[in-house]
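Peer 1: Could you put together the complete structure from these sequences and hints?
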Amino acid sequence: MVAGEVRRDDVALVGGADVEAAAAVLEGVVRRTPLEHSRALADRVGGPVWLKCENLQRTGSFKIRGAYTRLARLTDAERARGVVAASAGNHAQGVALAAQLLGIRATVFMPESAPLPKVAATRGYGAEARLGGASLTDALAAAAEHAQRTGAVFIHPFDHPDVIAGQGTVGLEVLDQCPDVRTVVVCTGGGGLVSGIAAAVRARRPDVRVVGVQAAAAAAFPGSLAAGRPVALSAMTTMADGIAVGAPGELTFAHVRDLVDQVRTVSEEDLSQALLFCLERAKLVVEPAGVAAVAAVLADPGAFEPPVVAVVSGGNIDPVLLLKVVQHGMAAAGRYLSLRLRVPDRPGSLAAVLGELAQVGANVLEVEHERTATRLGLGEVEVFVVLETRGPEHAGEVLARMDRAGYTVTTG
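So the sequence shown is numbered by the working numbering: it starts at 884 and just counts up by one.
Using C-beta positions, here's what the derived DEER-type ranges look like:
#1 Ala-1214 x Gly-911: 41 to 47 Å
#2 Glu-1163 x Gly-1279: 18 to 24 Å
#3 Ala-1235 x Glu-1163: 32 to 38 Å
#4 Pro-917 x Asp-1144: 23 to 29 Å
None of these hints come from the bench; they were simulated from the model.
Cβ coordinates follow ideal geometry from the N, Cα and C atoms, glycine included.
Peer 2: This is the structure we're talking about:
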């Protein structure tokens, strides 16, 4: 077997009846999350667009659905042994809450880089959270070793029929809440959510298109689908930690291959702009992984037949990361502009620059004044300013104003 490949045998897919049975298990446990219309997205797509707000689910994501379904079906003997899981955060919280509700001891392995609010929430639900390793792959290996050593039942984050069936209950709600839906767009990491939704949708409405969305910097499915088998990525670098999964599971690969119409990718800029969009236009706090479906619709609105439902899968974001992503999104949307220009080294030169910027309505966020660099001529200083603008058109007005004022400007 070639390095990076995972051998796949034929597997039985989760069906609509399995998802319906999971819905019965989850009755009274999970929240039926709202479906919110987005006029701003509808204007772009040319028809209704709805957001399925799983960021408002218990634990802040859809993960409680699959975790509770899996744990609820354990035998008494298995429950007595306890459970173990590995997660960057959302699955950890889902397993922790499910274990608490069912009276099961839970241990969760999380990467050292796991967001602190997710670690704190996992512990707050009563699970033992152990940090170690640089990635989810390391956490999965540690959890598997713990399960073998202690006898605890390993609760996989996506590659188990009960987990897939539980996540699929999102799809049942979408069909009930938007009966005329034509396209369902779903964030995709390991593939549990999109597999479950596709199973539910195919059973009731085989005419509905299901589209998975991955971060381009952590997209294992496109290559795996092309190869006809799960293929592991050699590296991943994305802000969307919740969908940074190195390889599809055996089971989820089969579901996506057979039931999902398309898997698309979005850039880091797409993710940050979508997160900013959700904050400003939908008034929703969403994590980067949770906004992948919205990012895909924003990036290529003509690719999705309306009515569209975009699943907003999670809202557990570290406030520090939120600040960084918002700034990244504003830069990607052309609302930050960095200028570098040289001016005479005499009193009033900096004031004149700032005066020109004020006249065109640019808000100055940062200023640097460099006078000792060897690249500068005698009697010159370099001014570097970071501005907040109203968007690309306003940024163009700023540059035109500085040009008319006689300044030679470079951006970036």
